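Trainee: Read off the chains here:
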Amino acid sequence: MASSRAELLKIFQKTASEITEREFPSISEGTVISELGIDSLGMLEIVGSMERELKVQLPDEALAGIQTVKDLIELVEKKEALTAGSSSSTQA
Amino acid sequence: MGAGDPKDTAGQVRLYEMYKTFFDKAEHERRWNPLHDVPYDKINKDAPESLIVVAETFCCVESFLPDYVSSGINVVRPFFGQAWFSANWAYEESKHSVALMEYLLRSGRRTPEQMFDLQAKLMETKWEMPFSTARQMTIYGCFQEMATFVIYVKQEMGAKAYGDECLAAIFRLNARDEIAHCRFYEDVVKVLLEEDREGTVRDIQHVAKHFQMPGVGIVPDYDERIKVMREEGKVDRSVFLQKVFFPVLKYLDVTRQELQEAASKERAASSEERRTRAAE
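Chains as they are written, first to last, in our numbering: chain C, 1 to 92; chain U, 1 to 280.
Since the hints were made in silico from the structure, they are not lab data. These numbers were taken from a predicted model, which means no experiment stands behind them. Possibly wrong hints are sitting among the right ones.
[Unchecked claim] A few chain C positions that, by computed beta-carbon distances, are all more than 10 Å from chain U:
no., residue
1, Ser4
2, Glu7
3, Ser17
4, Glu18
5, Ile19
6, Phe24
7, Leu36
8, Gly37
9, Gly65
10, Thr68
11, Glu74
12, Ala84
13, Gly85
[As the list claims (entries may be wrong)] Label-pair ranges, simulated between beta-carbon atoms:
no., chain 1, residue 1, chain 2, residue 2, range
14, U, Asp37, C, Phe24, 22 to 32 Å
15, U, Glu29, C, Gly30, 24 to 34 Å
16, U, Glu27, C, Glu74, 30 to 40 Å
17, U, Arg275, C, Gly65, 22 to 32 Å
18, U, Asp223, C, Glu74, 29 to 39 Å
[Stated by the list, open to error] Straight line, CA to CA, 25 Å or less: simulated DSS-like cross-link-like pairs of lysine-lysine:
no., chain 1, residue 1, chain 2, residue 2
19, U, Lys250, C, Lys55
20, C, Lys55, U, Lys265
21, U, Lys250, C, Lys10
22, C, Lys79, U, Lys160
The beta carbon of each residue, even a glycine, is placed where N, CA and C say it ideally should be.
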């Protein structure tokens, strides 16, 4: 089942805290990930952890373009929609 | 066991063969002289200061060669092929700073006093090896050399855009060496992966997590300099993933998911360790 944007934001917040061992109380969709002190490789680790939790796999080539939390959320949403679409067409 | 064990003859022969291939190719295709093969008559003496800062920053990072060599060669000392590669690497890298130094002096944009004052200042700080084992340092070499290659290529375009054919040529020559070094490191890591995939993937994950370029914290005004380099070379954070990280992983045939698995295991192990320590 597709996650809501608010859920995805919470998952990002929780995962970022687990991986960096820091708290991020005021994250919003507009937050620029690098401004949290998370570099591109740290961001990849967060992405990987979210992928496991949400059971989706984002394409490597799309990850380099992620700047904000919103970019990541939208990427996950798109992937979830695609996955849901392909599984419902398989079922049909 | 294998190339990672200095007493394993077959593994060491393999590394030596790789070194011979590297050396032979270098002798035939890449030998150049920073005093004769660089078109210093094509310096654009009116190039903006930002371009000079780019050249000077590369020169600063390359100037820690004594530390890179002394630390780097000792960690691979028992591995003949890798140790001899390190010696050759040092010779090739030494030309990079000479070419950049000559450029800065011959352009008239820096005086000998400025350059040697800067060198003295740089040598007040020592570069420390970011990782402690031969395998981790070899993996570090893959990412660091590829990143340096990409930055030189980007800056070559910038130098050309300012009509400085000399600096563009230096960046091109340096870039060609850097990618050759990257390939050697990658080929060694491929062998290490064949011999111990789990351990090598764990090290790749560890190096990626703690990766920093060598100038961080030791080159004066580093943040300001990097800002100029990013603007001049049009380098943003996406470039590292697109042009460095993913291409290296692809060449090594390691997936992001494998690294993620290793990262999860590392996190679980360290929280277990913390729990045990707290219980004591």
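Trainee: Each hint needs a verdict: does it hold in this structure or not?
Mentor: To see whether the hints hold, each was checked on the structure:
no. : hint                              : result
1   : Ser4                              : holds (24 Å)
2   : Glu7                              : holds (21 Å)
3   : Ser17                             : holds (12 Å)
4   : Glu18                             : violated (8 Å)
5   : Ile19                             : violated (8 Å)
6   : Phe24                             : holds (17 Å)
7   : Leu36                             : holds (13 Å)
8   : Gly37                             : holds (13 Å)
9   : Gly65                             : violated (6 Å)
10  : Thr68                             : holds (12 Å)
11  : Glu74                             : holds (16 Å)
12  : Ala84                             : holds (21 Å)
13  : Gly85                             : holds (23 Å)
14  : U:Asp37 with C:Phe24: 22 to 32 Å  : violated (52 Å)
15  : U:Glu29 with C:Gly30: 24 to 34 Å  : violated (50 Å)
16  : U:Glu27 with C:Glu74: 30 to 40 Å  : violated (52 Å)
17  : U:Arg275 with C:Gly65: 22 to 32 Å : violated (38 Å)
18  : U:Asp223 with C:Glu74: 29 to 39 Å : holds (31 Å)
19  : U:Lys250 with C:Lys55             : holds (23 Å)
20  : C:Lys55 with U:Lys265             : holds (18 Å)
21  : U:Lys250 with C:Lys10             : violated (32 Å)
22  : C:Lys79 with U:Lys160             : violated (41 Å)
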